[in-house]
Amino acid sequence: MGIFSGLFKSRDKPQNRTSGSGYSFFFGGSTAGKNVNERSAMQMTAVYSCVRILAEAVAGLPLHLYRYKEDGGKEKALDHPLYNLLHDEPNPEMSSFVFRETLMTHLLLWGNAYAQIIRNGKGEVIALYPLMPNRMVVDRDTKGRLYYQYTTSTEDAPTMKGVTVNLPPSDVLHIPGLGFDGLVGYSPIAMAKNAIGMAIACEEYGAKFFANGAAPGGVLEHPGTIKDPQRVRESWQSTFGGSGNSNKIAVLEEGMKYTPIGISPEQAQFLETRKFQVNEIARIFRVPPHMVGDLEKSSFSNIEQQSLEFVKYTLDPWVIRWEQTIHRSLLLPDEKSQYFVKFNLEGLLRGDYQSRMNGYAIGRQNGWMSANDIRELENLDRIPAEEGGDLYLINGNMLPLKDAGAFANTESIDDGKEENADEEVLEVEESSPDRDGSGGTDAVSERHHRRGKLV
3 MGIFSGLFKS
13 RDKPQNRTSG
23 SGYSFFFGGS
33 TAGKNVNERS
43 AMQMTAVYSC
53 VRILAEAVAG
63 LPLHLYRYKE
73 DGGKEKALDH
83 PLYNLLHDEP
93 NPEMSSFVFR
103 ETLMTHLLLW
113 GNAYAQIIRN
123 GKGEVIALYP
133 LMPNRMVVDR
143 DTKGRLYYQY
153 TTSTEDAPTM
163 KGVTVNLPPS
173 DVLHIPGLGF
183 DGLVGYSPIA
193 MAKNAIGMAI
203 ACEEYGAKFF
213 ANGAAPGGVL
223 EHPGTIKDPQ
233 RVRESWQSTF
243 GGSGNSNKIA
253 VLEEGMKYTP
263 IGISPEQAQF
273 LETRKFQVNE
283 IARIFRVPPH
293 MVGDLEKSSF
303 SNIEQQSLEF
313 VKYTLDPWVI
323 RWEQTIHRSL
333 LLPDEKSQYF
343 VKFNLEGLLR
353 GDYQSRMNGY
363 AIGRQNGWMS
373 ANDIRELENL
383 DRIPAEEGGD
393 LYLINGNMLP
403 LKDAGAFANT
413 ESIDDGKEEN
423 ADEEVLEVEE
433 SSPDRDGSGG
443 TDAVSERHHR
453 RGKLV
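Numbering (my numbering), first residue to last: 3 to 457.
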């Protein structure tokens with residue numbers, strides 16, 4: 003026991019990068035000179051769009067708790083208390099959609115999503131409440147066991163009393179993003195702060211350019227000495243600065259001359275830079291550019307394929323993180339072999355109407371889809387079982403699958419009887435004597451000869 007406890011104590015502490023010195027390193031200033039954090043990043047339309055697309059996609063997926071059946075199938079565990087929490091209402095203050103949308107937003111901005119687990123006396127989960135990631139620290143105690151330290155008072159909530167609460171892992175639903183230690187995820191915003199900082203700087207440049215009347219900055223030259231240059235500068239700015247003063251005619255006195263020193267947006271490749279940064283941000287979140295409004299390289303022939311790739315390569319990894327974390331943290335130990343949680347991605351993988359109908363026809367004719375299977379996927383009412391709604395058919399006069407083998411055996415037996423009947427008729431016809439009584443011997447020889455051919 004001592005050996006194992008020693009190994010347990012020697013484990014490294016989780017690498018929290020949203021607190022302490024690591025916070026200023028990963029967040030804070032970028033090489034573009036702009037301060038980047040989760041809030042300033044969300045002011046970028048591309049970041050906001052990507053976060054919203056992913057958060058709403060995960061929140062809108064049907065989420066069900068299933069129970070394994072003895073025959074290897076599955077059924078919805080509607081009677082389990084966790085089903086209502088995940089599918090409808092995790093707590094009295096929010097719906098399942100809002101809860102999942104909030105946690106997914108935290109996961110995309112901070113790289114971690116936390117929720118407090120409220121249990122009853124039997125250990126069953128009765129409520130889930132989101133926790134802010136920037137107030138959470140994951141650490142180990144002196145025995146090497148993980149615990150979560152949550153601060154209930156920050157600059158975001160100054161009215162709350164300053165209290166730090168230590169929560170055991172059994173009371174926290176923690177979904178980590180991509181990280182280095184497998185315990186705490188890194189923020190995508192922090193890891194890509196330079197790309198986002200450049201996008202912020204580019205947008206700020208455009209805003210200031212148009213605020214200045216779409217004219218570059220310049221220098222007022224005077225042949226002599228100006229006693230109060232500050233007054234001249236303010237007078238010029240108030241008269242000709244700003245979009246409301248654009249295209250005014252300037253009158254210069256005493257030999258003054260205005261010389262522009264800024265570069266135009268065309269020379270700075272302003273539009274090209276902004277377009278590139280949109281694609282760069284979409285690449286960070288692995289969102290197809292057409293979903294954030296960039297249709298330059300999209301067409302009717304490839305946009306459906308891009309949407310399918312979005313489900314397969316972007317949503318699916320996030321969904322797996324959710325499913326495995328919920329299974330590990332919310333189910334009791336003796337329930338983990340009996341229940342499982344599953345997001346339904348089928349709705350996002352649906353093609354156009356004609357493609358769906360062709361696929362259903364193939365499944366229906368080959369015996370692996372029933373009418374009710376198809377109607378359930380199309381959100382239609384079920385056909386009663388006594389009317390054939392649950393029958394599995396195969397092509398070949400559309401027989402029930404259980405009768406296909408019996409029909410084949412009956413058909414082969416009937417074919418054998420018909421061949422024997424033909425043989426007997428042939429023998430009778432050829433062995434009958436001629437009407438005039440001649441040719442009996444030749445008829446017998448001919449009969450044996452023909453039977454040899456048949457046999």
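Hints in this document: simulated from the structure, not taken from any laboratory.
Some hints could be false.
Result set (DSS-like, lysine-lysine): computed pairs, CA atoms no more than 27 Å apart in a straight line [what the hints assert, rightly or not]: (1) K124 to K259; (2) K229 to K259; (3) K344 to K76; (4) K299 to K314; (5) K36 to K277; (6) K71 to K299; (7) K299 to K76; (8) K71 to K404; (9) K277 to K259; (10) K277 to K76; (11) K314 to K344; (12) K124 to K78; (13) K314 to K78; (14) K277 to K71; (15) K76 to K124; (16) K78 to K299; (17) K124 to K71; (18) K277 to K229; (19) K78 to K338; (20) K36 to K344.
Remember, predicted model here, so these are calculated numbers, not experimental data.
Hint check:
Distance hint between K124 and K259 is unfulfilled; the C-alpha atoms sit about 84 Å from each other, more than 27 Å. For a cut-off of 27 Å, the pair hint linking K229 to K259 stands: about 17 Å separates their Cα positions. Between K344 and K76, the direct Cα distance comes to roughly 11 Å. Compliance with the 27 Å bound is thereby established for this hinted pair. Pair hint K299 plus K314 holds up; C-alpha atoms about 20 Å apart against a cutoff of 27 Å.
Under the criterion of a C-alpha separation no larger than 27 Å, the hint pairing K36 with K277 is consistent with the structure, at around 19 Å. Taking the CA atoms of K71 and K299, the gap is about 47 Å. The hint is violated against a cut of 27 Å. For the suggested pair K299 and K76, the alpha carbons sit about 42 Å apart, so the restraint of at most 27 Å is broken. Under the criterion of a C-alpha separation no larger than 27 Å, the hint pairing K71 with K404 is consistent with the structure, at around 22 Å.
Taking the CA atoms of K277 and K259, the gap is about 37 Å. The hint is violated against a cut of 27 Å. For a cut-off of 27 Å, the pair hint linking K277 to K76 is broken: about 48 Å separates their Cα positions. Restraint check for K314 and K344: satisfied, since their Cα atoms lie roughly 15 Å apart, inside the 27 Å limit. A threshold of 27 Å between alpha carbons decides the hint, and for K124 with K78 the separation of about 22 Å falls inside it, so the pair holds.
Among the hinted pairs, K314 with K78 is consistent with the structure: their alpha-carbon atoms are about 24 Å apart, no more than 27 Å. A threshold of 27 Å between alpha carbons decides the hint, and for K277 with K71 the separation of about 52 Å lies outside it, so the pair is violated. Proximity of K76 to K124 is assessed by CA-CA distance (about 26 Å); at most 27 Å being required, the pair is judged to hold. A distance of roughly 42 Å separates the Cα atoms of K78 and K299; the hinted pair therefore is violated under the 27 Å criterion.
Among the hinted pairs, K124 with K71 is consistent with the structure: their alpha-carbon atoms are about 25 Å apart, no more than 27 Å. At roughly 46 Å between alpha-carbon atoms, K277 and K229 are farther apart than 27 Å, so this suggested pair is violated. Of the pairs offered as hints, the one joining K78 and K338 holds, with about 15 Å between alpha carbons and a cut-off of 27 Å not exceeded. Between K36 and K344 the CA atoms are separated by roughly 41 Å; this puts the pair beyond 27 Å, and the hint is violated.
Of the hints listed earlier, those the structure fails to meet are numbers 1, 6, 7, 9, 10, 14, 16, 18 and 20, in rising order.
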